[in-house]
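Line by line, the protein sequences are chains A and B. Residue numbering for the first sequence is 3 to 133, as defined by the working numbering. Residue numbering for the second sequence is 357 to 648, as defined by the working numbering.
I should point out that these hints are in silico values taken from the structure, not numbers from a laboratory. Be aware that one or more of the hints could be misleading.
[What the hints assert, rightly or not] Derived lysine-lysine pairs resembling BS3-like cross-links, with alpha carbons at most 30 angstroms apart: (1) K643(B) / K477(B); (2) K32(A) / K412(B); (3) K643(B) / K597(B); (4) K423(B) / K412(B); (5) K437(B) / K412(B); (6) K526(B) / K107(A); (7) K19(A) / K477(B); (8) K477(B) / K107(A); (9) K412(B) / K436(B); (10) K642(B) / K32(A); (11) K32(A) / K436(B); (12) K637(B) / K548(B); (13) K548(B) / K107(A); (14) K597(B) / K646(B); (15) K19(A) / K643(B); (16) K423(B) / K19(A); (17) K637(B) / K597(B); (18) K477(B) / K526(B); (19) K107(A) / K550(B); (20) K32(A) / K107(A); (21) K642(B) / K526(B); (22) K550(B) / K526(B); (23) K423(B) / K107(A).
[What the hints assert, rightly or not] Derived DEER-like restraints, expressed as beta-carbon distance ranges: (24) G65(A) / F647(B): 51 to 57 angstroms; (25) K642(B) / K32(A): 48 to 54 angstroms; (26) W26(A) / D430(B): 30 to 36 angstroms; (27) T54(A) / E598(B): 42 to 48 angstroms; (28) G438(B) / G90(A): 42 to 48 angstroms.
Just so it is clear, CB atoms sit at the ideal spot from N, CA and C, and this is done for glycine as well.
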Amino acid sequence: MSQSYNRGLIEDFGRWKEFSAGMWAWIFHKFTGWMLIGYLFTHIAVLSSAVTGPEAYTNTIQGLESLFIIRVLEVGLLAVAVFHILNGLRLLMVDLGVGLDAQDKSFYASLVLTAIITIASVPTFMDGVTI
Amino acid sequence: MSTQQQKPETQESPDDSEMNGTESPQQERLEKKERSMVDERSADESDLEGDTVHIKVFRYDPEVADKQEPRFDDFHVPFKKGMTVLDAVMYARDTYDSSLTFRHSCRQAVCGSDAFFVNGKQRLGCKTQISELQQPVRIEPLPHQEVVKDLVVDMDHFYDQMHAVEPYFKDEDTPDASDLEEQRQSRENREKVKMSTRCIWCASCMSSCNIAAGDNEYLGPAAINKAYRFAMDDREGDEIKEHRLRILEQEHGVWRCQTQFSCTEVCPKDIPLTEHIQELKREAVKKNLKFW
Ligand code: HEM
Ligand code: SF4
Ligand code: FES
């Protein structure tokens with residue numbers, strides 16, 4: 003055994019078709035968690051326009067909200083937040099040792115619920131914007 | 357071997373009757389696992405009868421010039437009813453290429469030496485029916501471990517982690533031999549540790565865990581489960597249990613687990629690894645909580 007071969011990280015994203023529910027839940031939770039952190043900074047940036055005065059803030063908000071892409075991003079943000087919260091509750095249950103045998107089902111449930119809530123929110127977010 | 361075909365239940369958990377009546381989560385999980393296995397099998401073996409199975413086997417040998425660069429070799433093995441992945445690679449070795457190297461011994465899921473990465477999942481070669489799998493069947497060495505030759509991986513690190521939790525019974529006040537006193541364990545306590553005692557050191561769980569892959573010092577599911585087996589045993593004293601929890605709650609102990617359930621999915625002995633790790637996390641928290 004003079005030498006051996008290191009295959010490195012084999013379960014990379016090239017194998018995504020083989021990932022199980024728990025693995026997907028983990029990936030999505032990381033992703034959504036960091037997306038929310040990212041949003042926090044843009045959120046602060048927008049809010050701090052109020053420092054210059056009320057008009058600056060109103061103009062910033064109105065300018066942003068008139069953009070179609072911002073509305074789409076808002077829907078995305080909602081989806082990300084809802085999934086993170088629902089799956090976060092699932093993880094809390096897992097930490098408490100409750101319903102470990104249903105961990106895959108609860109992941110699918112959070113996905114479905116996220117989808118429903120997101121779709122239901124679309125009319126509200128898209129109200130009064132033109133492409 | 358072929359009895360497993362019709363009645364998968366009898367293969368793995370002969371003493372599940374002990375648990376009858378009490379519908380535990382673990383039992384439900386086992387039932388689910390079995391059901392999904394039966395589904396896969398309904399692809400039906402009779403379709404395969406008289407056929408050949410196409411397997412692709414990972415090859416590597418640092419001492420042979422044309423095998424220094426890893427590659428896959430194809431073998432076509434005649435199918436027999438009840439054939440396992442291990443049977444197939446053994447046939448390939450005995451018939452086509454005697455240099456094909458892999459570990460095996462008991463052929464009945466006891467020794468834990470033939471865990472391979474089969475069609476993208478850690479499985480025991482001797483416990484996996486070829487008829488369950490999609491062809492060509494890709495057989496690779498366990499991921500995240502150094503490959504020594506073909507399907508043989510270096511297990512040293514895994515064994516080091518297993519030994520790190522001091523996996524043996526310790527008791528500061530073992531009864532005097534002259535007393536000839538028994539150290540009794542209650543039935544309930546035996547049930548509690550039952551699943552955790554079944555580990556066969558195959559390293560499937562460790563190999564499936566992508567936290568363990570990224571953190572070489574992480575104890576890993578098998579070692580933590582080993583510690584659980586002793587920490588939860590009533591016969592060990594409180595002091596020893598404290599000592600075990602101290603090992604487990606270190607930086608690379610239980611807290612690395614992020615509940616992906618990968619280990620629980622692959623364990624060939626159906627040990628509820630995530631459940632055990634989570635329970636030890638709670639034990640560690642309880643030990644450190646002080647309200648004064
Ligand atoms: C009700 C709301 C929320 C719940 C229930 C929740 C729950 C959780 C839980 C349980 C974890 C740990 C995951 C694990 O065990 O691996 C986590 C991780 C995390 N959360 Fe949240 N969370 C919430 C809101 C937020 C918000 C608002 C943010 C961002 C501002 C956020 C950012 C993160 C990040 C960055 C992580 C770490 C991801 C990683 O492991 O790298 N979460 N969350
Ligand atoms: S816990 Fe299961 S998968 Fe891990 S080494 Fe033991 S038997 Fe193998
Ligand atoms: S050969 Fe012993 S476990 Fe498979």
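Now the hints, each set against the structure:
no. : hint                                 : in the structure
1   : K643(B) / K477(B)                    : violated (37 angstroms)
2   : K32(A) / K412(B)                     : violated (35 angstroms)
3   : K643(B) / K597(B)                    : holds (10 angstroms)
4   : K423(B) / K412(B)                    : holds (15 angstroms)
5   : K437(B) / K412(B)                    : holds (20 angstroms)
6   : K526(B) / K107(A)                    : violated (40 angstroms)
7   : K19(A) / K477(B)                     : holds (11 angstroms)
8   : K477(B) / K107(A)                    : holds (21 angstroms)
9   : K412(B) / K436(B)                    : holds (18 angstroms)
10  : K642(B) / K32(A)                     : holds (27 angstroms)
11  : K32(A) / K436(B)                     : violated (46 angstroms)
12  : K637(B) / K548(B)                    : holds (17 angstroms)
13  : K548(B) / K107(A)                    : holds (25 angstroms)
14  : K597(B) / K646(B)                    : holds (18 angstroms)
15  : K19(A) / K643(B)                     : violated (41 angstroms)
16  : K423(B) / K19(A)                     : holds (29 angstroms)
17  : K637(B) / K597(B)                    : holds (14 angstroms)
18  : K477(B) / K526(B)                    : violated (36 angstroms)
19  : K107(A) / K550(B)                    : holds (26 angstroms)
20  : K32(A) / K107(A)                     : holds (19 angstroms)
21  : K642(B) / K526(B)                    : holds (22 angstroms)
22  : K550(B) / K526(B)                    : holds (18 angstroms)
23  : K423(B) / K107(A)                    : violated (44 angstroms)
24  : G65(A) / F647(B): 51 to 57 angstroms : holds (53 angstroms)
25  : K642(B) / K32(A): 48 to 54 angstroms : violated (28 angstroms)
26  : W26(A) / D430(B): 30 to 36 angstroms : holds (32 angstroms)
27  : T54(A) / E598(B): 42 to 48 angstroms : violated (59 angstroms)
28  : G438(B) / G90(A): 42 to 48 angstroms : holds (46 angstroms)
The structure does not agree with the numbered hints 1, 2, 6, 11, 15, 18, 23, 25, 27 stated previously, though it agrees with the rest.
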